[in-house]
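A.B. asks: From the two separate chains plus the hints, produce the assembled complex.
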Amino acid sequence: MLLDIQNLSVVFHDQDAPFSAVKDVSLQVDKGEIVGIVGESGSGKSMIAHTIMGLIQRSACKISGKVLFDGTDLLTMDRETLRTYQGDELSIVFQEPMTSLNPTMKIGKQVEESLRIHTDLSREARRARALEAMELAELDDPASLYDKYPHELSGGMRQRVMIASALVQRPQLLIADEPTTALDVTIQAEILKTLKEINRKEGTAILFISHDLGVVRHLCQRVVVMQKGQIVEQGPADQVFFDPREDYTKRLIAARPTRRKLKGSVPHV
Amino acid sequence: MLKTICKRLGLLVLTLLLVTALAFFAFSIIPGDPTDTILGLEATEQQVAALRAELGLDLPLPVRYFRWLGDFLRGDLGVSYNFDIPVTDLLAGRIAPTFTLTLMAAVLIVLFSIPLGLLAARYEGGWIDRILTVINQIAMSVPNFVMGISLVFLFGLVLHWFQPGGYVSPESGLGSYLWFMLFPSLAVALPKSAMTIKMLRGSVLTELTADYIRTAYSKGNSRASALWRHVLRNAMIPVVTFLATTIAELVAGSIVVEQVFAIPGLGQMLISSISNRDYPVVQAIIVLVAFVVVLCNFLADALYRVMDPRLKGR
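Keeping their order, the protein sequence lines are chains A and B.
So the first sequence is numbered by this note's numbering: it starts at 1 and just counts up by one.
So the second sequence is numbered by this note's numbering: it starts at 1 and just counts up by one.
If you are wondering where the hints come from, they were derived from the structure by calculation, not from laboratory data.
Treat the hints with caution; some may be incorrect.
Cβ-Cβ distance ranges computed for the label pairs, FRET-style [said to hold, decoys possible]:
id	chain 1	residue 1	chain 2	residue 2	range
1	A	Thr81	B	Met307	32 to 40 Å
2	B	Ala302	A	Glu152	15 to 23 Å
3	B	His160	A	Ala60	52 to 60 Å
4	B	Gly175	A	Thr81	51 to 59 Å
5	B	Ala302	A	Gly155	47 to 55 Å
6	B	Pro238	A	Glu80	29 to 37 Å
7	B	Gly175	A	Gly155	56 to 64 Å
8	B	Leu159	A	Asp120	39 to 47 Å
9	A	Ser41	B	Gly126	31 to 39 Å
10	B	His160	A	Glu80	49 to 57 Å
11	A	Leu55	B	Met307	26 to 34 Å
12	B	Val256	A	Asp120	52 to 60 Å
Quick reminder that beta carbons are idealized off the backbone N, C-alpha and C, glycines included.
Chain B on its own, in the form it takes in the complex (with noise of 0.2 Å):
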């Protein structure tokens, strides 16, 4: 177990500099540059260069690479160029709606996915079946951006049930914040929550054709109790893996979804400090996706090892 554990921190290391390589390498190949948004475009090349010595972009794309990793590692993550604030200070306010977020959607896709998986599967190829099939193949198909506008459209436009745009914080009550941030979380667990019952009902249906199922009957058990006792467990094994990836996925889900109920989250952030090439914002929120994906795929793999037996001490 030791072993697996430094393993996935190594990997972990790993990732995280790929990753952050990766990004200061492709934002030397796009067009653009941050003294542009800074300076204005009717700068003089002296004041560009002299910003540029002054930002270290002026350095060969290496030793720049290095110095943010030492800077990184010491806990500095830099300056903002458009903001002029350290990026841990912007980011700390826009963490909490992209966590919110995430953790919600999670939430609602195991509520969701679950019960109606198990259901579809018990009582395959009856009306609750064909009707979910349907749904889901509805759900599954369309983009989480258009989910988004559409629950905006019903609940927001049609219902009243919140404001469009009017986004509530959590300072101004729980309740309303959470209230707010259902809608979101909505838009972006739809989608997933319809995949992952397709695959918890065909799961089950596999293992519902077992021997130890047979074996099972033989005892005595109800088709229940075969359902909770035995089926579910053994089932359950691909479904967590395949949540722990979708819960990595949410995060990138949850930025587009920002745009759509105007969140003032990561995913705003990311996407305004790409366009103004605010370079020390991206790096920072790159890291932090990358660690959250990592993560989630390391907790797939331990529950994974928890849930199945034969995988124990590998």
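Extracted from the complex, chain A is given alone in its bound form (with noise of 0.2 Å):
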């Protein structure tokens, strides 16, 4: 078992009521296998992403339950040792391609950051494996992308960036958060391929976090279907989306857009 989260809660108390943005979850991801979350925005599914990456302030919630790493639990750790983790066997990719990735900064120096951080590597090595990263994100001409700016490419290329830079320092486990959900169709399809591409020939652990219940059937092996910081439903892929066992499940199948054609015609321009 690569990560067990066990009755994992997280309660906001920003407000006079207490929010629990995460009620009581328990879920486990295995060795190289992809499991992914299913749920509504405000169904509590990044926010597990987030708790798991140590990226959320402590002060702000109280977290209770357990979040096991290869049996170490990541919430009783203190920052100084959950860095060692952040970058190196966990990483991250986040919803939003536009505004990730430091304006300011080279696409190779954040490709190869998780290397300076976690790495003794020599400058020429962390090159070399930057360039090998972003080979393996499917990007074109990883060298002349190197010395680009995040300005210059497109939303799709810097979420292969986002990737590249996640899969530098070969993690046990990539969590996706959203990945796709603000690129076009077409693009969104080359990336959930390339994302299974990447568990193939690596053996990276996915955690895919989205709200399309069609787009993780095709990815995953097992899922999770969320709302309101709870689980409703989880079990393999297929059978979740085939015969779905909760009302709150049939109705995500129900919303998603088929490919049933349209009436009427397309008018001439």
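C.D. replies: So, in structure tokens, the structure goes:
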């Protein structure tokens, strides 16, 4: 078991009434497995991702339960120990490719940053590894991208840069937090293919978060469906998609756009 | 880039033309005449008329302006009415103190504001931040001449670290010259530093909430390295522009502070020339100050482009 989340709850005390973003969630990811978390916005799926990554300000909320990574609880670690996991064994790709890269730092430097932090590799070795990771993320001509700045790249390319920088230190677990939501459909499909390839080639376990059950079905072996911070259903991807037990899951499936032909004709321009 | 430089140079020329023309016009509408100070109030009308003709003051305003402009372009700044020596010679000895004052103040502002601004942002809400906020608020609301007088009082009269009014020229030792200039520079630099600290702090705090900082943390960056490697350059972009315009304003700030510390710089010269209606001197100083202001803005723009890769090639 690579990741074992046990009875995780995250409660915020910002307002007068405490708000439970995550309620008693337990889920597991095996080595090399792709697991999907599906749910509408506000269902707590991104909150789980940020909690695993240690990106939530511990002072702002109360976290209970366990997040065991390779048997060690990430929640009870001090910041310094947690840092040795972030970007090393654990990495994340965010939803917003346009703003998640530093606008004043060259692509190459951002891709190889985890190596600078976690290894003693020389500059040349880091560069070689960065180019390798960019190749893995299926970016064309990594060598010329290395010295470019984020604004010179499209959204899809930036997300691939994010994927490359998440993979550069060969993490055991990659969390993909709605990585394709901000991109258009064709690019979305290509990026999903890339993630699947990475999982096959590198054996990287992926926790894939999405609001689209259809996307998750094609990519993941297992699916966890969430609503209002709680798990409502989990199981093998096909079973959840074709034989949903919960009403909420059925509604999620029904809400997907289908390939049914639209009536009427396309106006000539 | 070449296009930008050409555009900037064109703007520089245009600004200088406008500023000098405005100065000419302003002097023609305010009361007073250079002949009053040269000849005294007892002079006869014939004497006044003769002097006006000699100085070319009887000519229409546009003619006088273009005549001055023609001389200026040939490098002739004219002769001071009061001192009867070429303006270039007169100003040559006055530039050094003002230049030193401005430069020292600029260096002090950078030395104070960058570390303190970062510190205030790094420990936002902590005691350093709170103390700085109070000091900043005070420093910002005190005009620089009051700051100057306070410094003269504290360091000059109470602590005797320097002799108030006892200007030390560079010829009598560089060390003691710079030591004396430190105090007026402080008077100019403190209010501006306060503003810069406040601005940098705000800029850093805004950048700290950006998505790319979350990315930086997710890679295992510590708070300090996120601040140095990621935030600093982005946060400095607006601050650099602000600093450049601030340095342009320093020249103006120095003029007032020179009075307080009795420094024989351009500021003193400008004030006495205006009250004596010494047109050639005033015009020359105006051109100089306008030039510095436009130059600073140009440098800010260039620096902005270097720091922000998104602006390259535009």
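A.B. asks: Taking 15 to 23 Å as the stated bounds, is the beta-carbon spacing between B/Ala302 and A/Glu152 within them?
C.D. replies: 21 Å, holds
A.B. asks: Given a hinted range of 51 to 59 Å, is it respected by the beta-carbon distance of B/Gly175 and A/Thr81?
C.D. replies: 53 Å, holds
A.B. asks: Do the Cβ positions of A/Ser41 and B/Gly126 conform to the proposed distance bound of 31 to 39 Å?
C.D. replies: Roughly 35 Å apart at Cβ, these two residues keep to the hinted range, so it holds.
A.B. asks: I want to verify a distance hint. Is the separation of the beta carbons of B/His160 and A/Glu80 within 49 to 57 Å?
C.D. replies: 51 Å, holds
A.B. asks: The hint says 39 to 47 Å between B/Leu159 and A/Asp120; measuring C-beta to C-beta, is that right?
C.D. replies: Distance hint for B/Leu159, A/Asp120 is violated at roughly 52 Å.
A.B. asks: Tell me if the beta carbons of A/Leu55 and B/Met307 are separated by a distance inside 26 to 34 Å.
C.D. replies: 28 Å, holds
A.B. asks: Do the beta carbons of B/Ala302 and A/Gly155 sit within 47 to 55 Å of each other?
C.D. replies: 31 Å, violated
A.B. asks: Take the C-beta atom of B/Pro238 and the C-beta atom of A/Glu80, compute their distance, and say whether it sits inside 29 to 37 Å.
C.D. replies: Once the Cβ atoms are compared, 33 Å apart, the range 29 to 37 Å for A/Glu80 and B/Pro238 holds.
A.B. asks: Do the Cβ positions of B/His160 and A/Ala60 conform to the proposed distance bound of 52 to 60 Å?
C.D. replies: For A/Ala60 against B/His160, whose Cβ atoms are near 53 Å apart, the range 52 to 60 Å holds.
A.B. asks: Is it true that the C-beta distance of B/Gly175 to A/Gly155 lies inside 56 to 64 Å, as the hint says?
C.D. replies: 59 Å, holds
A.B. asks: Using the beta carbons of B/Val256 and A/Asp120, state whether their distance is inside 52 to 60 Å or not.
C.D. replies: 56 Å, holds
A.B. asks: Do the beta carbons of A/Thr81 and B/Met307 sit within 32 to 40 Å of each other?
C.D. replies: At 36 Å between Cβs, range holds.
Hint compliance for this structure: hints 5 and 8 are broken, all remaining hints hold.
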